[in-house]
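The whole structure should be built from the sequences, with the hints applied where relevant.
Number of protein chains: 2
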Amino acid sequence: MTARPGGRTARVRAQVLDAVRAELAEHGFDALTVETVAARAGVHRTTVYRRWGDVGGLLADVFDATGGDDWSPPDTGSLTGDLTALNHEIQDAYTAEPSVMAALIAASFRSEAAESAQRRLWDDRYARCEAVVERARHVLPPGTDARRLLVAATAPLYHRLVLLREPADPLLPGEAARAAVLAAEGGAFVRL
Amino acid sequence: MTARPGGRTARVRAQVLDAVRAELAEHGFDALTVETVAARAGVHRTTVYRRWGDVGGLLADVFDATGGDDWSPPDTGSLTGDLTALNHEIQDAYTAEPSVMAALIAASFRSEAAESAQRRLWDDRYARCEAVVERARHVLPPGTDARRLLVAATAPLYHRLVLLREPADPLLPGEAARAAVLAAEGGAFVRL
DNA sequence: CTTCTAATGCGACGGTTGTTGCATTAAGAT
DNA sequence: ATCTTAATGCAACAACCGTCGCATTAGAAG
Chain A
1 MTARPGGRTA
11 RVRAQVLDAV
21 RAELAEHGFD
31 ALTVETVAAR
41 AGVHRTTVYR
51 RWGDVGGLLA
61 DVFDATGGDD
71 WSPPDTGSLT
81 GDLTALNHEI
91 QDAYTAEPSV
101 MAALIAASFR
111 SEAAESAQRR
121 LWDDRYARCE
131 AVVERARHVL
141 PPGTDARRLL
151 VAATAPLYHR
161 LVLLREPADP
171 LLPGEAARAA
181 VLAAEGGAFV
191 RL
Chain B
1 MTARPGGRTA
11 RVRAQVLDAV
21 RAELAEHGFD
31 ALTVETVAAR
41 AGVHRTTVYR
51 RWGDVGGLLA
61 DVFDATGGDD
71 WSPPDTGSLT
81 GDLTALNHEI
91 QDAYTAEPSV
101 MAALIAASFR
111 SEAAESAQRR
121 LWDDRYARCE
131 AVVERARHVL
141 PPGTDARRLL
151 VAATAPLYHR
161 LVLLREPADP
171 LLPGEAARAA
181 VLAAEGGAFV
191 RL
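Each protein sequence line maps, in turn, to chains A and B.
By the UniProt record's numbering, the letter at position 94 of the first sequence is numbered 94, and the numbering carries on one by one without gaps.
By the UniProt record's numbering, the letter at position 11 of the second sequence is numbered 11, and the numbering carries on one by one without gaps.
Simulated from the structure, these hints should not be mistaken for laboratory data.
Watch out, some of these pointers could steer you wrong.
[What the hints assert, rightly or not] If you want a taste of the chain A side facing chain B, the calculated C-beta under 10 Å gives, among others: (1) Asp123; (2) Ala127; (3) Ala188.
Even glycine gets a Cβ: it sits at the ideal position worked out from N, Cα and C.
Pasting the structure below:
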């Protein structure tokens, strides 16, 4: 059997995911319902419910389809530079219109599918970013925990954008990066 | 007019807010609906819709009713100690069962009322916490931005608990606090 | 070209959500 | 005690959400 690309299944999926992106762009996450997505995709509600379950499932699939499998962390030549660039990427992804990322996070509080997709994403990203820390090991105290450093560098961005919902601050990416590096150099993330 | 405490209005409010807390404790946030709260409170649905609007409004009111007006940040004698203690408070509030705080955050993605309540709460808390930084000014570079330091110290906790949804880590409060203080001492939060 | 199977379309249904108009009640005011 | 007003109760309603059984169709296999 094995559905082939170009078959009806693949076509329907493309139509539906396009509809999700379009609805998100025009009316935002709050107005995103299975009903409207199905209508826009020219597909029956039931099909969407059967294949994606709920809005969170749709967003998760949009995210998967966007791939990102080829993503790699920035390489600017310095640890602080890399983390700053990474933070700018995060800020851009969140303040983009429409932001699939922001929608996915909002959905993750209602949908099991969205929550696990979000988890997978973050695990993947942090794992890849560990390379940034590895490149800079010679500058850091031995035993420095890469994940802790990465979280310290990026958490202030998420805190501002996702939780406080304040507008993007052009200085914050660099400041948070420098702060994390200073702390790391001081041995704050050494695991015993 | 001015409703008096003990009047019907106040009594209904108390019943409803108690019902919210009880439902939250027994069935969690996902199962929290206007319907079940009203039923438990022995009150008609319509009353709840008219006075609180939605679940987010209920949680916001629970939060307001809990007061917290008398809250003040910890004072342990050292900046790192204060921030560590603050982080432990945050972690406890989030991992408590039931956690009104966690529910309020989840609701803030669906409800206008919950979002603004959450904003007010955080503004208030960070404003009060600035005193912690003021007490330690003599240890910090001149021009250090209190709010930035506080965010750097606490953001890793929120990141782990709220976004990554990983279990509480007993070492994180202290580690995040030390990292933020190290960065501050290095001048990372000096505003030009 | 025919056959077989999984995906989709379709309509109907039960349950939930939130709203509205109107009657009723509680509680303060006179 | 009576009056007045705002809060609440009540029932009906429309809209929406998600599910189900069954018919239909696309597309791969022979």
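Each hint tested on the structure:
{"no.": "1", "hint": "Asp123", "verdict": "holds (9 Å)"}
{"no.": "2", "hint": "Ala127", "verdict": "violated (13 Å)"}
{"no.": "3", "hint": "Ala188", "verdict": "holds (4 Å)"}
Violated hint: 2 only; the structure is consistent with all others.
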